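Put chains B and C with the ligands on the given structure of chain A with help from the hints.
Take a look at the letters that make up each chain.
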Amino acid sequence: MAGLVTTFGAGAMTNSIGEIRDVDCLFVIGSNTTEAHPVIGMEMKRAARRGATLIVADPRKIWLSTIADRHLELTPGTDIWLLNAMAHVIIAEGLTDDAFIAANTENFEAVVATVAAYTPEQAAVVTGVSADDIRWAARTYATTEKAAIFYTLGITEHSHGTDNVCALANLVLMTGHLGKPSAGLNPLRGQNNVQGANDAGASPIYFPGYQRVDDFGALARYEASWGVTLDPKPGLNLNEMMKEMGRKLRGLFVMGEDIVLSEPNVGHLEKGLNGVDFLVIQDIFPNETTRFAHVVLPATSFAEKEGTFTNSERRVQRVRKAVEPPGQARADWSILLDLAGKAGANWTLESPAEVYAEMVKDTVRFAGISHERIDREGGLQWPCPTPDHPGTRTLHEGGVLRGKGLFTAIEYRPSSELPCDDYPFVLSTGRTLYHYNSATQTRREEGLDSKQPEAFVQIHPRDARELDVRSGDEVAVSTRRGEVRLKALVTRQVKPGRIWMPFHFKEARANLLTNDVGDSVTGTAEYKVCAAQVVKVGEGTSKFPGAYAVE
Amino acid sequence: MSREESQIPELIRHLGGLRTGVARAISEQTGVAEAQIYGVGSFFHLLNAPDVKLRVCQGLSCRLAGSENVLESIGGNGVLASPCSCLALCDQPPAVLNDRTLSTWNDGEVVALDEAALGGAVSESRSDMAIDLAGEPDFSNRALNRALELGPQAVLDVLEASGLQGRGGAGFPAHLKWRAVRDQAETERFVVLNADEGEPGTFKDRAVLARRPDRVVEGLTIAARVIGANDVTIYYRGAFESLMDKDFEYRGVRFHLHSGHGAYICGEETALLEALEGGRGMPRLKPPFPTTKGLWSKPTLVHNVETIACLPEIIMRGGEWFRGLGRSEPGSKLYSISGHVQKPGTYELPLGVTLDELVEEAGGYVGTLKAFSPGGASSGFLPASERTRPLDAKSLAEVGSMLGSAGVVVLNETVKMPWAALHQLRFFAEESCGQCAPCRIGTRLLAEQLTQHLSSGAPLDAVDDVAWEMGEGSICGLGQTAALPLTSAMKYFPEEFSR
Amino acid sequence: MTKTLNINGSTFEFVDGESLLEVAQRNGIGIPTLCHDPRLKAVGACRTCLVEVEGQRRLTPACATLAAEGAKVTTDNARIARHRQLLLSMYLADHPIGQKNRGDDELLEMAERFAATPLGALRSARPGRSENVNPYIKFDAERCILCARCVRYCEEVEGVQAITLAGRGSLTTISTADARGLLDSSCELCGGCVDVCPTGAMSQRAGWPLLKSDTKKVRTTCNYCGVGCQMDLVVDPDANDGRGHIVRVDSPGPGTTTNDGNLCVKGRFGTGFVDHPDRLTVPLIRGEDGELHEATWEQALDRVVKGFAAVQEAHGKDALGFVSSSRCTVEENYLVQKLARAVYGTNNVHQCAAT
Ligand SMILES: Cc1cc2nc3c(=O)[nH]c(=O)nc-3n(C[C@H](O)[C@H](O)[C@H](O)COP(=O)(O)O)c2cc1C
Ligand code: SF4
Ligand code: SF4
Ligand code: SF4
Ligand code: FES
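Protein chains in written order, with the working numbering: chain A, 1123 to 1673; chain B, 329 to 827; chain C, 35 to 389.
Chain A on its own, in the form it takes in the complex (with noise of 0.2 Å):
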């Protein structure tokens, strides 16, 4: 995120989805995209089944890269050497798109500087990705005139996450594959609203439209229209509030999230919530952190208010209520400004409505969006700086939007863990298809549970051999944070030395597993690398209904 906005000026998909079926090259990295973006996984295969070109960068198969034309099977946490080894290629076969460079870049001279070092030969040894392949993928990727990346939490959940965005922004703008349609950067995000969050301002260092607090203009220009005098240092981002929760934090509201079962290293953060004055939880279902609350507040679903959330292409959409919320429950918005006007605030909103026309007033990126044009016209995409623009399919066209795109140079930095004697094994953790988040929805749908009941970790047959572990055993995996208990499955879709469990669980908590170290950016945790141990505990069975390639 923040990377895609220091280079490109926008931190968002560049295409939109409906661009997909048309790329001709697709280079896939560290997005299971079938499981985590099901829908945008079909217009992959439907492009691929077109003909054009898939390149997956994964440490694991996954489904897509049984269709790929190759499948990069990279070491985790080594995705800067693959990909400054591209670059690498690319400028020493002369595959740059110079007059792109000329006209709408700067400091292309540093990343020339620092990737004269990434061989592709250097390269393998260290990604485990031949030379021959390193090659192959930066040739096609530049020659191909509609090559278009994405990616999704595999390239930002490593502590060097915002390194691997800038590493990846570096190849869009050497080879001009950008402002273009079908051409371009794309992270995928996660959840339905991240980039709607992120638009509102929900940020420490940026109110919404990426408006920095610190940017005089825009304290003065918010100051004006709030009334009241702001602050223009930035606050903590939430891998510090997790840190230093207990200490400097001594209250908290968390509205909608599980930070007990979501966030990495939850002993430590368990510790902290125990010396909170005061939390208070705003959300749908009681959960692992309501243990912690002083005050519980019932809001609604997405069904049961009005709204609108912006998915990964900058498109915004309108949410509606469809039945009545159970009980008292109200809709998060009317809380929220209930406890403003209790605080002492005049705010004058009644309706989500009336809230986004005051969020536009201020942006001129979303200025020309409103609840009455998306009902009339449907979903909308930013820019639309007019009421009378029809929204931007694709990011960039005119030109870079932050003028000149910026080049940076990246050099490795290995995981802040690396496997040892005692942790041999590199653990991942990421998300499957039958569920979502913390489970919280999905595990009350009965055919998602039975397609996926349990919790599991992935282990490459030779090391189960090792351990003496076969499909359904029980395994303790461990880390220098903490150990669960959960179901091995024996399966290739792992390389030997690393295994890979859903995080979805709360009896096998991922993330009392997974280091809190944060990217020094964005505090973005590590959740993609860190060492394990595993042991078996005992032996068992389990069918894996959802699973397609066990052994």
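Be careful, since some hints might not be right.
[Said to hold, decoys possible] No farther apart than 25 Å at their CA atoms in a straight line, the calculated lysine to any residue pairs in the SDA-like style are these:
1) C:K340 / A:R1413
2) B:K722 / B:K621
3) B:K621 / C:G51
4) A:K1183 / B:K621
5) A:K1370 / C:G51
6) A:K1617 / B:Q357
7) A:K1526 / A:A1170
8) A:K1443 / C:A343
9) A:K1393 / C:A343
[Claimed, not checked] Residues of chain B placed beyond 10 Å of chain C at every Cβ, according to the derived structure:
10) T358
11) G403
12) E714
13) E759
Hint data in this document are derived by calculation from the structure and do not stem from the laboratory.
Predicted model only: the values in this text are computed from it and were never measured.
Virtual Cβ for every residue (Gly too), placed ideally from N, Cα, C.
Here is chains B and C with the ligands on its own, set in the frame of chain A:
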């Protein structure tokens, strides 16, 4: 579909047919989706019922020879036997398929037939005929060498002069197809031999394959050379397995042998191509025709066995010679004849002989002629009064019938026409591929209505409408003609349908 | 150079690759279809769209025939009308559905439109699927007209190939490998097969055969991943004592929204949580005894305001933090950050998933 997928039917066969778990095993081996494999296996009768050992033909000629009773007596012996569609052994009824070996039922025994027996009864050798089934096989390649000397354009001219038309049923002029393939920009081209003979009453291709394989191989090589193909695929009916070789190469042309697995519809050329590619044998929409998009979407020349077997002598003796062999239309023609005649068999005669002349060749009638089917089940029935009509495409079309595959079935006074029509309808209902509604539903509706009529006198009031719609709405020739046995029987023998 | 063809006497432009059906539909000329779906390769199997093209003896499927320069097409005349009526009458004969169990059925609606009545009555020959534990999707073989939309969707759009046409002739049916239950197949429960089925042969167990007229549809945005699929919540407004109940989720028609008519298992089947008994329905305040107790909104909100004030008094304004949610709306996120900044004076606000 990838070319590996074309192996799916064979893989199923080698695992003993479509038993539980077979689709999964093949899926793991090939990466092809399990459901797709299951869908393919379930389409073919020789794959989808792995426990059936014996199949007893219930075609019209075999029924005239009592094949219903055969089924009963085999079933009584505790062997798993099932009825099946015409086995192309109408001349030696009742026909039985033992695994994939063509056999006949003789005195309570299943007797396997060797190559000589499969040759069947034929006209005596006449070297002035194009195929000459009784002649000595000749592997000298004289015709092939001649064709190579002449060059493609000259061969095409000879072919055009000969007037040779497809012998598989549709009767399309051969030279037009050859030229259409040659005119394609795509240079990878294929020749496919349609040896899936399945039209009830037809067994001439079996006779050619058993007696004159030389003509077939030479003819195919000529075709491949002229249209610029390096590969010939022979798709043969599963029951003809004993007549077939393994893949081989001949004079620089690769021959691929591909077995069918029990589906009449795969004789239709585009269904055949689907089956060759490892799919469910459902006909494709035409256009595009195989000449432009055939096997693996490449230009493909599909010919019937008999058509191909005519080529060597056409090359040797010239187009005019061949044309002159025919009486009302060009060429000599193989007529399969069975049913109530003395010597059922395959007879090569001038195209356009009458039924009486044909039956004379076959040793004469048994009983009194009542009706006959001139060109396979799809040609319907004609009354005895048409016995002097030339058996050629044009004359038969005039009376709403067709020459088709020239599989002639003769019925005498003992046969009830509604009974005969019902069995033909059931054949089509059984063999419809099922993809289009007019055929899938129409064949069943007609069979059902006729059954009701026979048991309770229910009126046959939907027949005209259903038949019309089958003709207009069906995708392929099967559905388009499947009502003819009933409508023609009702037309010529109305008294047998009203009480 | 623009290309044109003639339909029913009028001239229309087309671009290469368009089918006769597409040209006709674009120009408001109605041609009935059953096996057609714009996302799928045309197969021309249902035969309802047959039209006349000058120079061709046989009727031609409009869905599977490419527009060609100068073609003269007729979409309605006595022959085509007779064909449609008879074809539908034959479908009806093989579609033994009583009015009681009618459901939303395109075939029945089309038959009414063309005044077709059953031409005889057949007992369905198609084998059904073994009853299995999958709680969502039901296959009623009797209703199936073998248009294969479900199979083609599963292969061409979902890419899963969990189901296939199986068997042959009138015994053809829709099946998984070895006729197992969907849960034991590669099916990913996307529900697309249900959505494309014109007759309700593939149906959602929930809410069948509830008719359109008994429900209301609410267009909204899925609350799971970042694709933002548009979906229609089909609501029975009278259920739950008038609170309403989401009976099922339909996808909007292909070509109308970003998701092009597609949904995944979570969007399609993941709304049951809305009515789950675990839902929080009253405000709760932790008492002296350490337990959470029910309270009124008034009490709860007062408690929050007091609690936050106390924290800030004791530890400064930056001792307060706000975690908002990417699960909540844009408006709600805006309000949380405004609350943090404008009311409580801190920039300690972040949403739970920044990436
Ligand atoms: C239902 C149906 C079944 C057919 N069966 C056969 C067959 O068994 N053998 C054959 O040669 N042609 C058969 N045909 C004709 C083929 O489609 C095709 O016309 C023929 O193989 C072309 O070869 P030809 O030009 O040499 O006749 C059949 C056609 C239909 C519609
Ligand atoms: S007419 Fe019959 S056999 Fe031919 S395609 Fe249609 S259903 Fe299949
Ligand atoms: S639910 Fe989806 S995956 Fe399952 S059979 Fe239907 S279309 Fe295929
Ligand atoms: S189940 Fe529905 S979609 Fe599938 S073939 Fe039958 S009628 Fe068509
Ligand atoms: S819509 Fe054209 S044949 Fe079905």
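Do the hints match the structure? See the list:
This hinted pair checks out: C:K340 and A:R1413 have alpha carbons roughly 20 Å apart, not beyond 25 Å. With a C-alpha separation of about 29 Å, the suggested pairing of B:K722 with B:K621 is violated against the 25 Å cut-off. Of the pairs offered as hints, the one joining B:K621 and C:G51 holds, with about 17 Å between alpha carbons and a cut-off of 25 Å not exceeded. Only pairs whose Cα atoms come within 25 Å are accepted, and A:K1183 paired with B:K621 is rejected, the gap being roughly 36 Å.
A hinted pair counts as satisfied when its Cα atoms are at most 25 Å apart, and A:K1370 with C:G51 does not qualify at roughly 65 Å. With a CA separation close to 21 Å, the supplied pair A:K1617 and B:Q357 stays within the 25 Å bound. About 33 Å separates the Cα atoms of A:K1526 and A:A1170, which puts this hinted pair outside 25 Å; it is violated. For a cut-off of 25 Å, the pair hint linking A:K1443 to C:A343 is broken: about 34 Å separates their Cα positions.
About 24 Å separates the Cα atoms of A:K1393 and C:A343, which keeps this hinted pair within 25 Å; it holds. In this structure B:T358 is separated from chain C by more than 10 Å, as the shortest Cβ-Cβ distance comes to about 13 Å. For B:G403, the condition that its CB be more than 10 Å from all CB atoms of chain C holds, with the nearest at approximately 21 Å. Consistency note on B:E714: stated as away from chain C, and its beta-carbon is indeed over 10 Å from all of that chain's, at 26 Å minimum.
A beta-carbon of chain C comes within 10 Å of the beta-carbon of B:E759; the shortest separation is about 7 Å.
Consistency with the previously given hints fails for numbers 2, 4, 5, 7, 8 and 13, ordered from lowest to highest.
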